[in-house]
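Peer 1: Sequence:
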Amino acid sequence: MSPSATQIPKEDIEKLKKTMCQSVNVFCDKIQSNGEEEVNLGLEELQENVNEALIEALFAQYKDDNQESSSLFLEHQREVRHRVFSGVHPEDEGPGFAGQEQGLEQDFQQKGLHVVSPEPQKPGESFCEWVLRLFQKMLQQLQKTWQAVLAWVQEKWASLLSAMKSIFSEIMSFCSNMAEYFSSCFQV
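Quick note on the numbering used here: the sequence shown kicks off at 1 and runs consecutively.
These are computed hints drawn from the structure, not numbers from a lab.
Heads up, a few of these hints could be off.
Unchecked claim - Below, a list of computed lysine to any residue pairs in the SDA-like style, where the Cα atoms sit at most 25 Å apart:
no.	residue 1	residue 2
1	LYS17	LYS144
2	LYS144	ASN40
3	LYS144	PRO118
4	LYS30	LYS137
5	LYS30	GLN140
6	LYS15	GLN140
7	LYS137	ARG83
8	LYS15	GLN141
9	LYS30	GLN143
10	LYS18	LEU132
11	LYS30	ALA53
12	LYS122	GLN136
13	LYS17	GLU44
14	LYS30	ASN40
15	LYS15	GLN136
16	LYS137	SER126
17	LYS165	MET178
18	LYS122	LEU132
19	LYS156	SER86
20	LYS15	GLU48
21	LYS137	GLU36
22	LYS18	GLU48
23	LYS15	GLN143
24	LYS30	LEU139
25	LYS156	PHE85
26	LYS17	HIS76
27	LYS156	TRP146
28	LYS10	GLN77
29	LYS10	GLU48
30	LYS137	GLU48
What the hints assert, rightly or not - Ranges between beta-carbon positions, derived for each pair:
no.	residue 1	residue 2	range
31	MET178	VAL153	35 to 45 Å
32	MET164	SER126	51 to 61 Å
33	GLN77	GLU11	13 to 23 Å
34	CYS28	LEU161	37 to 47 Å
For every residue, glycine included, the Cβ atom is placed at its ideal position computed from N, Cα and C.
All chains should be modelled from the sequences, with the hints used to inform the complete structure.
Peer 2: Following this line, the structure appears as structure tokens:
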């Protein structure tokens, strides 16, 4: 694997950061009306936009490094997208999620996106404190989602690598045995 396969170019990281910051700015603009509905919809949209930006950055690099395997690329992209947007929880999955923490206790699924459930403002809590609390929970959910995706990718590729090493070992053994066999056949 080439060094570029493991590193996302700096300009792509800068583009990703810019996109995510713009999404936060849009969220902040939307909640100016102080409406609970606007805050909840804004958080949902923000989470979706950040996830889209992350997926785009991940697979832009992956696609550049693996142009010869486009069907495999599409399959991987589909699977990651499903895991990010479907709210797949560690307890719903098999291997790859062992030891992962469960999502927030007040999570729910809406429009296929796993977001922090709306919570009313606590007595004595200012609007800004309330929004900050919900925003922090949304960030925690993003981290947990991507941690689960990372664990799944590590598990999937670790298994594939292990299987490939076993196959390669058998190939090497077969080639060695066949070389010895043919050598002995031609020795007089």
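Peer 1: Take the hints in turn and mark each one as holding or not.
Peer 2: Going through the hints against the structure:
1. Restraint check: the Cα-Cα separation between LYS17 and LYS144 comes to about 19 Å, which is no more than 25 Å; the hinted pair holds.
2. A distance of roughly 19 Å separates the Cα atoms of LYS144 and ASN40; the hinted pair therefore holds under the 25 Å criterion.
3. Using a Cα cut-off of 25 Å, the hinted pair LYS144 and PRO118 holds, with the two alpha carbons roughly 18 Å apart.
4. Only pairs whose Cα atoms come within 25 Å are accepted, and LYS30 paired with LYS137 is accepted, the gap being roughly 18 Å.
5. Taking the CA atoms of LYS30 and GLN140, the gap is near 21 Å; set against the 25 Å cutoff, the hint holds.
6. For the suggested pair LYS15 and GLN140, the alpha carbons sit about 23 Å apart, so the restraint of at most 25 Å is met.
7. Between LYS137 and ARG83, the direct Cα distance comes to roughly 19 Å. Compliance with the 25 Å bound is thereby established for this hinted pair.
8. Proposed proximity of LYS15 and GLN141 is supported: the alpha carbons are some 23 Å apart, at most 25 Å.
9. Our distance criterion of 25 Å between C-alpha atoms is met by LYS30 and GLN143, whose separation comes to about 23 Å.
10. For the hint pairing LYS18 with LEU132, the CA-to-CA distance comes to about 21 Å; that is within 25 Å, so the pair holds.
11. Proximity of LYS30 to ALA53 is assessed by CA-CA distance (about 19 Å); at most 25 Å being required, the pair is judged to hold.
12. Using a Cα cut-off of 25 Å, the hinted pair LYS122 and GLN136 holds, with the two alpha carbons roughly 15 Å apart.
13. Pair hint LYS17 plus GLU44 holds up; C-alpha atoms about 19 Å apart against a cutoff of 25 Å.
14. For the proposed pair LYS30 and ASN40, the alpha carbon gap of about 10 Å is at most 25 Å, so the pair holds.
15. The straight-line distance between the Cα atoms of LYS15 and GLN136 is roughly 23 Å, inside the 25 Å bound, and the hint therefore holds.
16. For the given pair, LYS137 sits about 17 Å from SER126 by alpha-carbon distance, which is consistent with the 25 Å threshold.
17. The straight-line distance between the Cα atoms of LYS165 and MET178 is roughly 20 Å, inside the 25 Å bound, and the hint therefore holds.
18. Using a Cα cut-off of 25 Å, the hinted pair LYS122 and LEU132 holds, with the two alpha carbons roughly 12 Å apart.
19. Using a Cα cut-off of 25 Å, the hinted pair LYS156 and SER86 holds, with the two alpha carbons roughly 19 Å apart.
20. A distance of roughly 17 Å separates the Cα atoms of LYS15 and GLU48; the hinted pair therefore holds under the 25 Å criterion.
21. Under the criterion of a C-alpha separation no larger than 25 Å, the hint pairing LYS137 with GLU36 is consistent with the structure, at around 16 Å.
22. Taking the CA atoms of LYS18 and GLU48, the gap is near 15 Å; set against the 25 Å cutoff, the hint holds.
23. Restraint check for LYS15 and GLN143: the C-alpha separation of about 20 Å stays at or below 25 Å, so the hint holds.
24. As the CA atoms of LYS30 and LEU139 are separated by approximately 18 Å, the hinted pair is consistent with the 25 Å bound.
25. Straight-line distance between C-alpha atoms of LYS156 and PHE85 comes to about 19 Å, which keeps the hinted pair within the 25 Å bound.
26. Only pairs whose Cα atoms come within 25 Å are accepted, and LYS17 paired with HIS76 is accepted, the gap being roughly 23 Å.
27. For a cut-off of 25 Å, the pair hint linking LYS156 to TRP146 stands: about 15 Å separates their Cα positions.
28. Between LYS10 and GLN77 the CA atoms are separated by roughly 22 Å; this keeps the pair inside 25 Å, and the hint holds.
29. For the suggested pair LYS10 and GLU48, the alpha carbons sit about 23 Å apart, so the restraint of at most 25 Å is met.
30. This hinted pair checks out: LYS137 and GLU48 have alpha carbons roughly 15 Å apart, not beyond 25 Å.
31. Evaluation of the 35 to 45 Å hint for MET178 and VAL153 yields a pass: the beta carbon distance comes to about 37 Å.
32. For MET164 paired with SER126, a C-beta distance near 56 Å keeps the hint of 51 to 61 Å intact.
33. In this structure, GLN77 and GLU11 meet the distance hint of 13 to 23 Å, their C-beta atoms being roughly 21 Å apart.
34. Hint check: CYS28 to LEU161, Cβ distance near 43 Å, so the stated range 37 to 47 Å holds.
Taken one by one, the earlier hints all hold for this structure without exception.
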